[in-house]
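Number of protein chains: 2
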Amino acid sequence: MYYGEKTEVLGKAVVHLTAVEISLDVDADRDGQVERNNPNKGSWMWGPNGHGAILLVNCDSEHTYGKRRDSERAEVSRVSDLKDMSPMVLRTSGPAKLPEGYKLTMHISQGDAESVRVFRTRSTAENLFYKSFVKDYPLVLGSEDLSKEVPYLGGNAEMNFYVEGLRFPDKDFEGLISISLSLLEPSSQGFPETPIFTDRVVFRVAPWIMTPNTLNPLEVFVCSTSDNYQFLKGMRRLVENSGYKLKVCHEYMNRGDRWMQDEIEFGYIDSPHQRFPVVLDSPRDGELQDFPYDVLLGPDFGYVTRTAYDEEVSSLDSFGNLEVSPPVIVNGKIYPLGRIIIGVAFPTATKGRNMTKVVQDFLWAQKVQEPIALFSDWLLVGHVDEFMTFVPAPDKKGFRLLLASPDAGYKLFRGLQNDGHGQAKMFDAEEEITVDEILSDDKLGAENNYVQSCIDWNRDVLKRELGLDDDDIIDLPILFHVMEENRAVAYYPDMVNMIVLGKNLGIPKPFGPKVDGRCALEAEMTSLMEGLGLSCTYIDDFASYHKLLGEVHCGSNVRREPFSFKWWNLEM
Amino acid sequence: MYYGEKTEVLGKAVVHLTAVEISLDVDADRDGQVERNNPNKGSWMWGPNGHGAILLVNCDSEHTYGKRRDSERAEVSRVSDLKDMSPMVLRTSGPAKLPEGYKLTMHISQGDAESVRVFRTRSTAENLFYKSFVKDYPLVLGSEDLSKEVPYLGGNAEMNFYVEGLRFPDKDFEGLISISLSLLEPSSQGFPETPIFTDRVVFRVAPWIMTPNTLNPLEVFVCSTSDNYQFLKGMRRLVENSGYKLKVCHEYMNRGDRWMQDEIEFGYIDSPHQRFPVVLDSPRDGELQDFPYDVLLGPDFGYVTRTAYDEEVSSLDSFGNLEVSPPVIVNGKIYPLGRIIIGVAFPTATKGRNMTKVVQDFLWAQKVQEPIALFSDWLLVGHVDEFMTFVPAPDKKGFRLLLASPDAGYKLFRGLQNDGHGQAKMFDAEEEITVDEILSDDKLGAENNYVQSCIDWNRDVLKRELGLDDDDIIDLPILFHVMEENRAVAYYPDMVNMIVLGKNLGIPKPFGPKVDGRCALEAEMTSLMEGLGLSCTYIDDFASYHKLLGEVHCGSNVRREPFSFKWWNLEM
Numbered sequence: 001m002y003y004g005e006k007t008e009v010l011g012k013a014v015v016h017l018t019a020v021e022i023s024l025d026v027d028a029d030r031d032g033q034v035e036r037n038n039p040n041k042g043s044w045m046w047g048p049n050g051h052g053a054i055l056l057v058n059c060d061s062e063h064t065y066g067k068r069r070d071s072e073r074a075e076v077s078r079v080s081d082l083k084d085m086s087p088m089v090l091r092t093s094g095p096a097k098l099p100e101g102y103k104l105t106m107h108i109s110q111g112d113a114e115s116v117r118v119f120r121t122r123s124t125a126e127n128l129f130y131k132s133f134v135k136d137y138p139l140v141l142g143s144e145d146l147s148k149e150v151p152y153l154g155g156n157a158e159m160n161f162y163v164e165g166l167r168f169p170d171k172d173f174e175g176l177i178s179i180s181l182s183l184l185e186p187s188s189q190g191f192p193e194t195p196i197f198t199d200r201v202v203f204r205v206a207p208w209i210m211t212p213n214t215l216n217p218l219e220v221f222v223c224s225t226s227d228n229y230q231f232l233k234g235m236r237r238l239v240e241n242s243g244y245k246l247k248v249c250h251e252y253m254n255r256g257d258r259w260m261q262d263e264i265e266f267g268y269i270d271s272p273h274q275r276f277p278v279v280l281d282s283p284r285d286g287e288l289q290d291f292p293y294d295v296l297l298g299p300d301f302g303y304v305t306r307t308a309y310d311e312e313v314s315s316l317d318s319f320g321n322l323e324v325s326p327p328v329i330v331n332g333k334i335y336p337l338g339r340i341i342i343g344v345a346f347p348t349a350t351k352g353r354n355m356t357k358v359v360q361d362f363l364w365a366q367k368v369q370e371p372i373a374l375f376s377d378w379l380l381v382g383h384v385d386e387f388m389t390f391v392p393a394p395d396k397k398g399f400r401l402l403l404a405s406p407d408a409g410y411k412l413f414r415g416l417q418n419d420g421h422g423q424a425k426m427f428d429a430e431e432e433i434t435v436d437e438i439l440s441d442d443k444l445g446a447e448n449n450y451v452q453s454c455i456d457w458n459r460d461v462l463k464r465e466l467g468l469d470d471d472d473i474i475d476l477p478i479l480f481h482v483m484e485e486n487r488a489v490a491y492y493p494d495m496v497n498m499i500v501l502g503k504n505l506g507i508p509k510p511f512g513p514k515v516d517g518r519c520a521l522e523a524e525m526t527s528l529m530e531g532l533g534l535s536c537t538y539i540d541d542f543a544s545y546h547k548l549l550g551e552v553h554c555g556s557n558v559r560r561e562p563f564s565f566k567w568w569n570l571e572m
Numbered sequence: 001m002y003y004g005e006k007t008e009v010l011g012k013a014v015v016h017l018t019a020v021e022i023s024l025d026v027d028a029d030r031d032g033q034v035e036r037n038n039p040n041k042g043s044w045m046w047g048p049n050g051h052g053a054i055l056l057v058n059c060d061s062e063h064t065y066g067k068r069r070d071s072e073r074a075e076v077s078r079v080s081d082l083k084d085m086s087p088m089v090l091r092t093s094g095p096a097k098l099p100e101g102y103k104l105t106m107h108i109s110q111g112d113a114e115s116v117r118v119f120r121t122r123s124t125a126e127n128l129f130y131k132s133f134v135k136d137y138p139l140v141l142g143s144e145d146l147s148k149e150v151p152y153l154g155g156n157a158e159m160n161f162y163v164e165g166l167r168f169p170d171k172d173f174e175g176l177i178s179i180s181l182s183l184l185e186p187s188s189q190g191f192p193e194t195p196i197f198t199d200r201v202v203f204r205v206a207p208w209i210m211t212p213n214t215l216n217p218l219e220v221f222v223c224s225t226s227d228n229y230q231f232l233k234g235m236r237r238l239v240e241n242s243g244y245k246l247k248v249c250h251e252y253m254n255r256g257d258r259w260m261q262d263e264i265e266f267g268y269i270d271s272p273h274q275r276f277p278v279v280l281d282s283p284r285d286g287e288l289q290d291f292p293y294d295v296l297l298g299p300d301f302g303y304v305t306r307t308a309y310d311e312e313v314s315s316l317d318s319f320g321n322l323e324v325s326p327p328v329i330v331n332g333k334i335y336p337l338g339r340i341i342i343g344v345a346f347p348t349a350t351k352g353r354n355m356t357k358v359v360q361d362f363l364w365a366q367k368v369q370e371p372i373a374l375f376s377d378w379l380l381v382g383h384v385d386e387f388m389t390f391v392p393a394p395d396k397k398g399f400r401l402l403l404a405s406p407d408a409g410y411k412l413f414r415g416l417q418n419d420g421h422g423q424a425k426m427f428d429a430e431e432e433i434t435v436d437e438i439l440s441d442d443k444l445g446a447e448n449n450y451v452q453s454c455i456d457w458n459r460d461v462l463k464r465e466l467g468l469d470d471d472d473i474i475d476l477p478i479l480f481h482v483m484e485e486n487r488a489v490a491y492y493p494d495m496v497n498m499i500v501l502g503k504n505l506g507i508p509k510p511f512g513p514k515v516d517g518r519c520a521l522e523a524e525m526t527s528l529m530e531g532l533g534l535s536c537t538y539i540d541d542f543a544s545y546h547k548l549l550g551e552v553h554c555g556s557n558v559r560r561e562p563f564s565f566k567w568w569n570l571e572m
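Chains A and B are the protein sequences, given in the same order.
So for the first sequence, this note's numbering puts the first residue at 1; every next one is plus one.
So for the second sequence, this note's numbering puts the first residue at 1; every next one is plus one.
Each pair may be met inside one copy or between any two copies, as identical chains are not told apart.
Keeping only pairs whose Cα atoms sit at most 25 Å apart, straight-line, the calculated PhoX-like set for lysine-lysine is:
| hint | residue 1 | residue 2 |
| --- | --- | --- |
| 1 | K148 | K351 |
| 2 | K503 | K233 |
| 3 | K245 | K503 |
| 4 | K148 | K357 |
| 5 | K171 | K367 |
| 6 | K351 | K103 |
Honestly, the hints are just simulated from the structure, not real lab data.
Produce the complete structure using the sequences and hints provided.
Dropping the structure here:
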């Protein structure tokens, strides 16, 4: 941009200023490099032909001790922290000095100031040494400084800036922020300067992204408690045999809270210059509540949470009730990052439990994995992972939806009876019950009819919202019984509540009726999964999880590889 | 939608229910008629090929006495109120009665309940008489009733519903709401019913739309005060000669507050079934504050306001600081409803006055007239109407932007001096000053240099954001002087602060230097406007407005015809 022409138009030219070229530059073409004066740098567009720079919320902590999220510090945490920020370059070309009274000012709006902070490299004129100290990166803009003069370096010069995101998109924040740089001209003495040229760049804050079961695992997390040795042993064997790392949260940290799935959800944030995992901490806040902040948060491991200030937190806020589908295409609309799935009260219910609005608002605001609300309040615990999961498949859409199905359960039990195995027993000695006894229990039958109709409702929603056909779905033989307030729990270990590690599944051992020494439920499950090339390991969680109304999935969590698909290439 | 197929799949068919056809219908094709089962009724898309029903905020008052906005009453205000609501029809076709235990339920989400209310016509079974009483339209859904059973009429039947919008789009509300209708199936005794079919419709709440100077006037509003007889006489002549209606707000109501422009902004809301004007009441709240609610609100005249709870209200919240451009095309992007223009502090200023965030958020959230922020805080009063306006033009873009221009003022004064009129006097006897005296006042010159640079900044923004060329802009000869805190006021009546009534302009009489008995400023102004076919009337507002730092535009307001362009046809 040339300045100079305009002063002549005004007829009061300051002739000594002939031409200054000024460009505030960002990585608007998203290739990881700050190009020169991209014509689209002042706006933001989705898609592979889109443009606009990207900002990360600096929600990790460069410090491991005395840690705080870096975004909570108004200075650069360490020099390594700069790589979590978006590079921005001020390129100037002109005389050695600006004429008397002219100056460069960088500025942001009041509204953006809560979402962004800008640092810069101290100029060589200020410090001739190699930039290796935090103090060499002074704060330029933040909530206390909406506008600040920046040095003009003279000649052909570049000054490096670092832009830090402070908050995720949410109901009241779309995620876009802009930064401006103005050349100010002195007015007559005693008057404020007025801007004669302004350059402006736009960033979008990267959304928090969840990872479905079809992505490769990196780490598996479980809790160790005084009573779960059997479970831990099974999990360790499964995880290590699958070639992944088992991370155990010990009792001094979990204080007996074994529900690793429920306290946290793993996700990540991504930009052309940097990417790292970010844990979403549930407002659930059981005894595990310190684990995500105290253990997970660290260098290149971010943390985000939402606090329910004036809402009641219920069991539906546990993240067993927050899942994500594999990539799907629905009526021609592509969801390359899948769709988030949560469970809520049924819409016609006059009252019911729900996921808190603060968490729902956060999830919807991320935009790139448009959420689906299922009906999970019919369950006593109320989590979607009690009746559904996804497993990878070599054919069709690349996955199958597995659904708990009382109908499939009764079909299997009736088959056993017809084949003369009515006296086959399930459970162990104290609680044993025969196939005949189960089939003759009319109350249990009525309860499972009701459960099936609740799951059918969700099946319809999932088919419609994920674009699934019936043969993308596998019904697993699982019975429920109904407890207080007409709410359901699994009758035997709920096999759908499994952990998916590539082609290896860790499934709650169902303790089903034994036929020729083999559990008929395991046999059916294994046969259904074998067809997809998946291998089943049955893990005994009966005493330490199932009896406490959870299973393998509730008691574990998996951090997975991010998508190779880049979220900014979505067509919105 | 046929129900029946599915029960067979489940293998526990309730055989007496063969087929019920159910469709919840709205005007999704926006032709004013509720069509049958539009395939797009469950989503909303902008544009002439778009779809999705439209809802009005029921912000008028059917009652003239003891009035409240209709949306503040949880019942239908009068039967005439139904025309402000969107029609919705439940069409059913099936047996005379639903089988035992089956029922229809209409429901909305908790989140939508603050934005929408649904009424219905009492069914003929309930009331055989003609529907002419409010009690014949019971409330179905609202903030207290998220879900309610609705009667199944049997055979081929239609039941009419009326949907009422309760709030405008805002920062935390995009404007979309959805309504669902479910057919519930009884479960085994003692269990809740479960839905077997759900139909869903989506509405968008109509935005509040402003009207630019290029639209035809309908009514002109002014205040009468103890000292503005001269001004009123001039305005009455102008308005009546132009063929419009002058409405005078008398002193018992205005209590001496004459700034009719500043308290309110006229706009309207529009849908395929109904349209009416809506006044936006400023948080300014001077002595005129009761006028919009007490006088304007009424049948088919809506009212909306925003309250600044934790922000300081400044002079920039007056609606002389809120204008709208005529339709423009900017780099190929069409704004068929123009763009809203507001004035704010200059972005590099470390502190300054601003328009309250609640009002800015409201304006941005309307979306269809994407706002532009100008720099107006350099003025003592701080309103954009002090330096700019739009007038209709027969050529080019159909309008011209008029800008106050100290440079044009000095050029005119220097021309007078060169032509030997340096001793020509302006103002009247007590305050008279010659052209020579003005030109020799260096302080005044410096002040006007500063003012020109402030206006030039805004000129650049307006050119860029409205896609204007230099020849779309006319510079008017107007001088300013600078008062406390470096803030400017007009030196003589500020001609750009005019009222535009079709081709007739009501302009503050400038009392400029007299040459051959004629005011040189009026002569210049008239000659500039004549070229556009516009006729100038100069109104003496010197004592009663100019001296109080306002002019003709500040002291008047115009309600205009709505756009013929429909907002839902915008491509977003």
